[in-house]
Amino acid sequence: MLRLVKLILVIVVSVLAASAAMAVPVSYSGVVTCDSVEASPGSQVVMNLRLTNNDRAISGITIPLKYSNPYLTVDSVSFVGTLKPADISGVAHIDMAELTVRVSYIPTIQSGSTEIPTFSTASGILAKIYFSIDPATPEGHLPIDSINIDQIISSGEPEIHFWTRIEFTDASGSYFYLPDWVPGDILVSGSLAADDNPEPGLPGDFQLSQNYPNPFNPSTVIEFSLPQSSQVNLAIFNVLGQTVTVLTDRQMPAGVHRVEFDATDQPSGIYFYRLSYGQESLTRKMILVK
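Here the sequence shown stands for residues 1 to 290, numbered as in our numbering.
Note that these hints are calculated values from the structure, not bench results.
Computed from a prediction, not measured in an experiment: that's the story for all the values here.
Keep in mind that a hint or two might mislead.
[Stated by the list, open to error] Across the chosen pairs, the derived CB separations fall in these ranges:
#: 1; residue 1: Ser189; residue 2: Ser268; range: 41 to 49 Å
#: 2; residue 1: Gln279; residue 2: Pro143; range: 38 to 46 Å
#: 3; residue 1: Ile94; residue 2: Ser229; range: 12 to 20 Å
Yeah, the Cβ is synthetic: ideal placement off N, Cα and C, and Gly gets one too.
With the sequences and hints as input, model every part of the structure.
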């Protein structure tokens, strides 16, 4: 499943880059903004990517971001309650080695249809990025910025460029739009010394909350709490006990974490999600209704 998502993302990014080389840039008033928030070490924050002043019918988007700070970890990207319509898929690629995250909208073409879906909403949230802040993070600013790289892949006439940047496209692929960008920032304050007591706001024990919404279609958010940094595995199972997907399997800092489960490709039914940490685990049930 993960390989398929990465393959789709590579194809979409390539198509956007190729279309940008051949398509016509159009004057555009839209602005993409990343929230700026305050947080403390060991906590989790949500950074909203917002769109304002949109005056076009948009079919696909790609928003490559860099956070360039080892104290930050992207837990997940959620499209629940955003501008994303049901006939456009939300895809996120998190590269923990490069400290980047790419958010994309990919149109879903229905079987037998030639119409490519679009959205024309003037403003709203495009995606929600959940960051965890390491307990050892010093006070200061952690910027979230866009990636804007121009690679010349052919120096002939005309030159062919491969751009990594924020781009929107229309349904025809004939036009692309370059929105203005406002970077985000996490202001970390209240650092803990090595021998300080634990942050009073940290959870007292391991907890796995009921997913919300539930029942859901097609996405839901799973929240869990860690009283200390732990190796965590969060997996989804069907009623036969078969693993549907693994949402996370890595070391995570103490705090409250939220991860989105997108069941677009799964049939209706009862599913279970299990949080494993150390030798213990917690399990809950959820219902997908399409």
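Okay, the hints, checked on the actual structure:
1. Ser189 / Ser268: 41 to 49 Å: About 46 Å separates the Cβ atoms of Ser189 and Ser268, which means 41 to 49 Å holds.
2. Gln279 / Pro143: 38 to 46 Å: Roughly 39 Å apart at Cβ, these two residues keep to the hinted range, so it holds.
3. Ile94 / Ser229: 12 to 20 Å: holds, 19 Å
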